[in-house]
Amino acid sequence: MVMLRGFLVLSVFFLLGEASRIVFALPVSGGVIGMILLTFTLMVRGNISDSLAQASQALISVLVLLIMPGVVGIFFQAGEFSGQWLAIGSALVVGTLLSVLTTLWLLRHFVTDSQKGASHD
Amino acid sequence: MTDLMDGLAALIHTLSNTLVDSPSTNSVLAITLTLGAFLAANRLFRAMRSPVWLPPVLIAACLLSAFLVLLTLDYQNYRDGAQWLTVLLGPTTVALGVPLYQQMHHIRALWRPILFTLPIAAPLAAGYAILIATALGASPEVIASIAPKSVTAPIAMGITEQLGGSVSLLMGSLLITGVVATVFVDLATRWMKISDHRIIGFALGLNGHAVGTARAFELGPTAGAFASLGMGLTGIFTALILPFAFGLFG
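So the sequences go chain by chain: P and V.
End of the first sequence sits at 121 in the working numbering; the numbers just go up one at a time, nothing left out.
End of the second sequence sits at 250 in the working numbering; the numbers just go up one at a time, nothing left out.
Simulated from the structure, these hints should not be mistaken for lab results.
Be aware that one or more of the hints could be misleading.
Claimed, not checked - Computed, partial: chain V to chain P, Cβ under 10 Å: (1) S22; (2) T32; (3) Y78; (4) R112.
Just so we're clear, the structure is a prediction, and the values are computed from it rather than from any experiment.
Beta carbons are placed, not taken as given, at the ideal position from N, Cα and C, and that holds for glycine.
With these hints in hand, go ahead and build the complete structure from the sequences.
Spelled out as structure tokens, the structure:
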């Protein structure tokens, strides 16, 4: 019962997100808008109910289960992308290598910078 | 012997395709197969002592496709039956706001590096892939499918649907990206001599979404918290920027 109350909150925020997407013609999915609305609501309220925390935890822990139907599709629809696998593979592997290096370099730069700044204060 | 095998195969084919005829049985069949593959994959993953290069989602996907092939089930049919699971992705995306809110004190503590890194690194995570794929002649559908490769699955699905890509190709891309990002972060932090768990965690979440975040939690709670934060912020940022960027250039 407790968890269902949390699930109700999540569904309401999802519907609010979908409604804002349609009303404001946003290119962002309703789930993401709902998530941002929920985060801001929680920040304004400054606390979170047990039921919402439980329901979120439960859904997030079975996330892999929920995405499975989409994931297996790649085995059955791979033929549609034949001839493009070199482009796809390079984009994923080389692109990820570059973005990992960029992220680490930026973070190291700014974290040491801000710590230096803090020690001056 | 072959007669027996053929007979058995024909029986399975008839039986499974009769079950599929009724929409409600088709749903229960699809959910049973998915649930079975998911639980078996989690057990196998633990039995193999949690290998970084083989996350549970990959094991589950292999098992599930094996089930579908063995039962001669049509993928589209299975997908229709599994609607009951897929429909929960919307509320689950909303649920990601909860850990994000719970991580808020980390943002306050390290807001400056986050503020400077995120707006550069998150668009680049998509940008590098888009540039490389375009240079190698990928179709617009492929580019729309792999662009949100560093974004957590429920958010990424929303983005790809908005951009007109293939959800299946996106899912495969997410899997590959998650695994290689985890391996690259491991190697690069050793090479760059970075030992700050806040940096390692944030980089894992930003580039490797849920797969990287799972790895970060193995390193420790600090790395895990920063990975969740990196994953959540990258998801939101990419979801807000990418569709507009595609609108401008596409």
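Verification of the hints:
no. : hint : result
1   : S22  : violated, 19 Å
2   : T32  : violated, 12 Å
3   : Y78  : holds, 7 Å
4   : R112 : holds, 4 Å
The structure is inconsistent with the numbered hints 1 and 2, although it conforms to all the rest.
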